[in-house]
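J.: Taken in sequence, the protein lines are chains A and B. Sequential numbering of the first sequence, starting at 1, is according to this note's numbering. Sequential numbering of the second sequence, starting at 1001, is according to this note's numbering.
Treat the hints loosely; a few may be bogus.
Claimed, not checked - In silico DSS-like cross-links for lysine-lysine, where the CA-CA straight-line distance does not exceed 27 Å:
#: 1; chain 1: A; residue 1: Lys219; chain 2: A; residue 2: Lys206
#: 2; chain 1: B; residue 1: Lys1116; chain 2: B; residue 2: Lys1144
#: 3; chain 1: B; residue 1: Lys1168; chain 2: B; residue 2: Lys1003
#: 4; chain 1: A; residue 1: Lys206; chain 2: B; residue 2: Lys1168
#: 5; chain 1: B; residue 1: Lys1139; chain 2: B; residue 2: Lys1003
#: 6; chain 1: B; residue 1: Lys1139; chain 2: B; residue 2: Lys1223
#: 7; chain 1: B; residue 1: Lys1168; chain 2: B; residue 2: Lys1118
#: 8; chain 1: A; residue 1: Lys219; chain 2: B; residue 2: Lys1003
#: 9; chain 1: B; residue 1: Lys1195; chain 2: B; residue 2: Lys1223
#: 10; chain 1: B; residue 1: Lys1139; chain 2: B; residue 2: Lys1118
#: 11; chain 1: B; residue 1: Lys1168; chain 2: B; residue 2: Lys1195
#: 12; chain 1: B; residue 1: Lys1223; chain 2: B; residue 2: Lys1008
#: 13; chain 1: A; residue 1: Lys219; chain 2: B; residue 2: Lys1168
#: 14; chain 1: B; residue 1: Lys1116; chain 2: A; residue 2: Lys206
#: 15; chain 1: B; residue 1: Lys1139; chain 2: A; residue 2: Lys206
Note that these hints are calculated values from the structure, not bench results. All values derive from a computational prediction rather than experimental measurement.
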Amino acid sequence: MDDRGRSTGRRADRLFSFASQGAGVTVLVLVTLVCVFLVSQAIPALARNEASFLTSREWTVGGDAPRFGILELLWTTTAASVIAMLVAVPVGVCVALFITEYAPQWLRRPAGNLVDLLAAVPSIVYGLWGLIVFRPIVRPIEDWLSSRLSWLPIFEPTGITGGTIFFIGFVLAIMILPIVTAISREVFAQTPTTHKEGALALGATKWEMIHTAVLPFGKPGVISAAMLALGRALGETIAVTFIVSTLAVGSDWTWSLFNGGETFASRIANNAAEFDSPQKTGAFIAAGLVLFILTFVVNAIARVVIERRKAFTE
Amino acid sequence: MAKGLDIKDVNIYYGAFKAVEDVNLTINPRSVTAFIGPSGCGKSTVLRTLNRMHEVIPGGRVEGTISLDGQDLYAADVDPVAVRRTVGMVFQRPNPFPTMTIFDNVVAGLRLNGIKDKTQLQEAAERSLQGANLWNEVKDRLNKPGAGLSGGQQQRLCIARAIAVEPKVLLMDEPCSALDPISTLAIEDLIEQLKADYTIVIVTHNMQQAARVSDRTAFFNLKATGQPGRLVEVGPTRTIFEQPVQEATEAYVSGRFG
Ligand SMILES: Nc1ncnc2c1ncn2[C@@H]1O[C@H](COP(=O)(O)OP(=O)(O)OP(=O)(O)O)[C@@H](O)[C@H]1O
Ligand SMILES: [Mg+2]
Chain A
1 MDDRGRSTGR RADRLFSFAS QGAGVTVLVL VTLVCVFLVS QAIPALARNE
51 ASFLTSREWT VGGDAPRFGI LELLWTTTAA SVIAMLVAVP VGVCVALFIT
101 EYAPQWLRRP AGNLVDLLAA VPSIVYGLWG LIVFRPIVRP IEDWLSSRLS
151 WLPIFEPTGI TGGTIFFIGF VLAIMILPIV TAISREVFAQ TPTTHKEGAL
201 ALGATKWEMI HTAVLPFGKP GVISAAMLAL GRALGETIAV TFIVSTLAVG
251 SDWTWSLFNG GETFASRIAN NAAEFDSPQK TGAFIAAGLV LFILTFVVNA
301 IARVVIERRK AFTE
Chain B
1001 MAKGLDIKDV NIYYGAFKAV EDVNLTINPR SVTAFIGPSG CGKSTVLRTL
1051 NRMHEVIPGG RVEGTISLDG QDLYAADVDP VAVRRTVGMV FQRPNPFPTM
1101 TIFDNVVAGL RLNGIKDKTQ LQEAAERSLQ GANLWNEVKD RLNKPGAGLS
1151 GGQQQRLCIA RAIAVEPKVL LMDEPCSALD PISTLAIEDL IEQLKADYTI
1201 VIVTHNMQQA ARVSDRTAFF NLKATGQPGR LVEVGPTRTI FEQPVQEATE
1251 AYVSGRFG
């Protein structure tokens, strides 16, 4: 009886470890294959590129002398995503804190469930909403910034009024806000009561308690939430594609956030019709690879930050 | 510096549930008062009303008056935050702030009080850690995480954290229940020393501990299961252990309990 129990247990163990190792290896192999495929597609196109891939803004991918570079894409993507983070993370954290710490007891559960539900709605819905509702709100902010702070290159007026980088950033912020809020709420709610009471018993006010117990406990979770959201913002395609004001070919380069511009994702989506030769496709794949590396680096940094804090939580 | 507490006609509720009923008790300054009694009779509940931590629990409510040297802790104009700075607390499970270093843990309360001066904080940290008998063990690793200490050291760290703000009263809820006998002895010695400066209230399940450390003992009991707990008897520890008035007390301290 005993023996049989143990041996089936062991067999199940072995089976499980085999299956999970198999799955792990499969994932690694797949990722590697995808990388190899992308790189092998990108290299010939890059080799024929006559412009500097990293510092050029040109995008002529066909013909015998293709000239293309990602400067504008990189700038628009990162600038819009950073704006989105700067808006969405503080707001999301505040909403999460309100729900977990300040809201009346009877409201906490329904509010938490609601936020979880909202986070599950495809972000394009918020994108549409933000597009319609926030355009009139963001315009005055843009005008104000560009009239007061125009000496800063990033706030230089450009005359573009529709889909500026700044506005894209706001729409992206709305799109990622629910997920940031939902994850932050989840981690804040898990703060051990002993930590919170420890702070309160020392004579901490509510806010001081949040500062000493809840925020430090939730920090790694908030960082993960932010990174997840940043990943979404960097790769967000559809909303950006139909908001952006595409810059005219040959227009002057500025660092202004009130300029238009395309992101990696929108450039690729806008030009899907052009993928008719390996060379053209290769150029777009090269741009996609940069987006891949960007996301990867961001996540790696987040990992390091979280790991560094681990020493203190275990 | 140390102050006495006066508990009058106190009823304590969790929402609609009356957990403790009709407690009248005086706690003398500069002495150790032990709360003993069977599980669930409301010792922790009473303790937590003494620094207004009870009301942190949703639905937690207190009736009656509790005063510290004549000042009603529950008066309308009294800020619970101020009460908790005067009446410190050590919990059953050591709860150092996990993301903070040993040093930051000890001075956390001072920082909350707005003290920023480096040397002042350092002096306070050393004094409190000395006071908690922990200084020699941690003086070389003040910048290491507090969570990296042993359970007994963590509990002494929490005591250091509590005394760093120089409270008038120190409440301890089974401070040794998660500790080994040696750490327990270290903390009992510490209580003996702290009594010179602080009014101490300690909840314990350990009769020997109550007998060893306390000057006065209060025995709590349940009238019946599901009924509120109440204070059965209070007196000098010796009397409670050797010649209690109530039969229930006698049965409990001699181990002949239910
Ligand atoms: N957070 C809470 N919500 C509702 N009821 C509670 C809560 N905490 C304690 N109680 C109830 O209050 C009564 C007293 O509990 P308390 O924790 O004060 O007992 P105790 O004497 O400290 O017991 P122990 O020795 O086991 O720690 C018990 O009936 C308990 O179920
Ligand atoms: Mg208890």
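J.: Confirm or reject each hint.
T.: Evaluated hints:
no.	hint	in the structure
1	Lys219(A) <-> Lys206(A)	holds, 18 Å
2	Lys1116(B) <-> Lys1144(B)	holds, 20 Å
3	Lys1168(B) <-> Lys1003(B)	holds, 6 Å
4	Lys206(A) <-> Lys1168(B)	holds, 22 Å
5	Lys1139(B) <-> Lys1003(B)	violated, 31 Å
6	Lys1139(B) <-> Lys1223(B)	violated, 49 Å
7	Lys1168(B) <-> Lys1118(B)	holds, 24 Å
8	Lys219(A) <-> Lys1003(B)	violated, 40 Å
9	Lys1195(B) <-> Lys1223(B)	violated, 32 Å
10	Lys1139(B) <-> Lys1118(B)	holds, 16 Å
11	Lys1168(B) <-> Lys1195(B)	holds, 11 Å
12	Lys1223(B) <-> Lys1008(B)	holds, 19 Å
13	Lys219(A) <-> Lys1168(B)	violated, 34 Å
14	Lys1116(B) <-> Lys206(A)	holds, 20 Å
15	Lys1139(B) <-> Lys206(A)	violated, 32 Å
Of the numbered hints given earlier, the model fails hints 5, 6, 8, 9, 13, 15; all others are met.
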